Amino acid sequence: MTRAEKNEALLQAKTRELANKHGKHRHAYERRRSPPGFWRIDFPSTQEEREDRQKLEKVERDVVAQRYNEAMRPGGAYLFKDE
1 MTRAEKNEAL LQAKTRELAN KHGKHRHAYE RRRSPPGFWR IDFPSTQEER EDRQKLEKVE
61 RDVVAQRYNE AMRPGGAYLF KDE
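Residue numbers (full-length UniProt numbering): 1 to 83.
Check before you lean on any hint, since a few could be wrong.
[Stated by the list, open to error] Quick list of the computed label-pair ranges, beta carbon to beta carbon:
id, residue 1, residue 2, range
1, 45, 12, 33 to 39 angstroms
2, 79, 55, 39 to 45 angstroms
3, 77, 16, 19 to 25 angstroms
[To be verified] With a Cα cut of at most 35 angstroms, we get these calculated DSBU-like pairs of lysine-lysine:
id, residue 1, residue 2
4, 81, 58
5, 14, 55
6, 55, 21
7, 6, 55
The set of hints was computed from the structure by calculation and includes no laboratory data. These numbers come from a predicted model, not from an experiment. Heads up, the beta-carbon is just placed ideally off N, CA and C, and yes, glycines get one too.
Please put together the full structure from these sequences, using the hints given.
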C-alpha cells in the first residue's frame, strides 16, 4: 500500500466515523425485523404458533426496554409524557 493509498484509507475511515457519530440520519434507516414465523410457508402447528407468540412477546419487551433506556439517557430520543 502506498503512502497516498494509506492517507486515502485513513481519511475515509475518519469520515465514516464522524458521519456515524454525528450524522443526522444515522438511525433513520434501521431495517425492521420481520415477525417470528413470517417467512415460514407452511401452516404453523400449535407448538410453532406458541413459540412464535413467545418470541414476539420477548421482542416487544426488548423494544420497551430499549425505549425506556433511551428515555432515561440525557438528551435521549424519547421522553416520558409528564416531563
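Going down the list of hints, with the structure as the test:
Distance hint check: the CB atoms of residue 45 and residue 12 are about 50 angstroms apart, inconsistent with the given range 33 to 39 angstroms. Taking the beta carbon of each, residue 79 and residue 55 are about 29 angstroms apart, not inside 39 to 45 angstroms as hinted. Range check, residue 77 to residue 16: about 22 angstroms between beta-carbon atoms, so the 19 to 25 angstroms window is met. With a CA separation close to 24 angstroms, the supplied pair residue 81 and residue 58 stays within the 35 angstroms bound.
Distance hint between residue 14 and residue 55 is unfulfilled; the C-alpha atoms sit about 39 angstroms from each other, more than 35 angstroms. The hinted pair formed by residue 55 and residue 21 meets the criterion: a straight-line CA distance of about 32 angstroms does not exceed 35 angstroms. Note on residue 6 and residue 55: the hinted pairing is violated, with a Cα-Cα distance of about 46 angstroms set against a maximum of 35 angstroms.
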